[in-house]
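Using the sequences and the hints, build the whole thing.
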Amino acid sequence: MRGRSRLSALLRQDLLLAHRSGLFAIVLGLAVVLALVVNFALPTVIGLTAHEYVVDLAAGRPVARALEAAGRGDVLLASVDDLKRRVADDRSAVGLVFRGTPESPQVELHLQGSEPQATVNSLEAVASALWNRAVGPGPGSAHRLVELRPGSAKVPFNKDFVPILLVFEVVLLGFMFAGVMVFQEKAEGSIKAYRVSPAGPWPYIISKAAVNLTLSLVYGLLLVLFTLGPRPALLGVLGLVALASLLMTLFGLFLSSFYTGLSDFLYVLLLVIIVFTLPAASYFSPAFKLPLSEFMPSYPLLFGVRELAFPTGKTGFLAPMVLTLLAEIAVVAGLARWAVERKLLRGVL
Amino acid sequence: MMIEAKSLTFTYPGAAAPAVHDVSFTLKPGRILGFLGRSGAGKTTVQNLTIGLLPLKQGEVLYEGRPVASLGRSFFEHVGVSFEHPNLYLKLTGLENLTLYGGLFSGPSLPAERVLEMVGLTDARHKRAAAYSKGMKHRLVFARAIMNRPDVLFLDEPTAGLDPDTSRRIKAIILEERQRGAAIFLTTHDMTVADELCDQVAFINEGRLIAQDAPRNLKLLYGERAVRVEYRRDDEVQAETLFLDRQADRSRFNELLDGGSVETVHSQEATLEQIFIKLTGRGLA
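Just so you know, the sequences run in chain order A and B. Per this note's numbering, the very first residue in the first sequence carries number 1; after that it's consecutive. Per this note's numbering, the very first residue in the second sequence carries number 1; after that it's consecutive.
Note that these hints are calculated values from the structure, not bench results. Computed from a prediction, not measured in an experiment: that's the story for all the values here. Yeah, the Cβ is synthetic: ideal placement off N, Cα and C, and Gly gets one too. Just so you know, not all the hints are guaranteed correct.
Covered, in the sense of this in silico footprint (three residues per stretch, anywhere, with C-beta under 8 angstroms from a C-beta of chain A), are these stretches of chain B [as the list claims (entries may be wrong)]:
#, segment
1, 62 to 76
2, 83 to 97
3, 100 to 111
So this is what it looks like as structure tokens:
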């Protein structure tokens, strides 16, 4: 009973301090700015290259007709010379020239020369698909599309950023805010007063974690509502946000206990930012995976939030992931308790 | 609550010499023990060892016969600490600082408003601590230390930087706390404060206790029995210091008294400051 009252006093104190230190304003501002970026600055679709130009010199101009019918007549040019000039002028442009007949099609790719082979291969496939759609599959065309998860929604490019913005901001803010709270108390000396109070390490840790949890949930709720809108998965997404926040707050409390001030802690902060954001590389290019990056807690969180926000039906990994995160939280909580007791509440400050 | 500290010795990590060496003292309920010494002499280290904030490697601290390390955090229910350097939540008001800190204790606490009134901060209770003057911050830290009605009170320079009026008010509260039965451990380099408040004083120099006794006993032990007499002769005020242990001075003193021209007589007992200088070869400031 008394423990609850003690925790309640601490929580009121930490919420007040977070409010007066502008942490709620920072989180609100960040959610609004990032929602604006997602909704208005990022494109919904991103092309293979920045600009493509097409010249159709084939008999009957089948590709040009197909593009015009699809409302993409803007990419059509009248001559190869015009196409060459535009590709030469714009270093992000490529050109496709169609010639020949339906029986004997020919395609020229006009490239900058710096495109990676994967882009060249993709452009060849695009040219082939354009021709096939315009005149029907040729005798050599035998491919077909099979969707393993036909229920999967096509995720707009800009919305696909939301899981990244949710997970990484919560991870970084949780870690950083925990450090800021500890260093503020060290700088003011107020931690010395706490040291000689009957409240031990747990109320201190739980109160800080609860404040960061509140900040993270406010941020997560606003970002999801402003970008994806209300959806059934919101609660699940916020649940993962809560786990991320708890884990990183506890980790931040553990590490910051060993440092005297924010300036000493800066190197650790940078290292944590780099290490914990490595999984972002795998998010947009699943084939690209840095060693050990999948063992970062942010890796499963990222894909977990994406699965909940944009379901594909591949949910088998969620329950083990949550259990793993809970186990990690328990371990880091133990470390945080040890560090707070040893380095903040006793010994030389 | 009785405190016994026995042979406390502590060396900070990386330091070549101990900050505190073989310090022992006893503090009983309703008594004030003053620890006097220069900055860096080891006063705060002794205090932190006594509170249990620093790990004891040598020596022991007992509260009612129980080692401080075995007491757990509930021990702090009975302790109040006023720090020399104000350590407040600067973004909280004076009232919030006290109310929220009071919420950490289980036992009955004095209402925050009442404690603020005792230290003269009622008018500033809704101001953030960041806007307080140094003296106001000091008073707020002192108020925080006494609000849980502690059995043991640690006061580090409780009147430093206070104006005479406020200083008097704080000293009166300290004496009330003693009257209530609190054992008070007071560190200061202000000999006047120590003289006014302490039942016992301990001089600490370079981590070692060099003298420990009641102020009166120390004065008797280290001072000289002398009087300074001012008298009038030929319309001019003249003064002489006479040592009462010398036969010639005693005769001269009687002669002056018999002559009827004596205007003032002041005893010349040694001050704590003079005793400290005598023992250490240097002053406290």
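A quick look at each hint next to the structure:
no.: 1; hint: 62 to 76; in the structure: holds (count 4)
no.: 2; hint: 83 to 97; in the structure: holds (count 10)
no.: 3; hint: 100 to 111; in the structure: holds (count 7)
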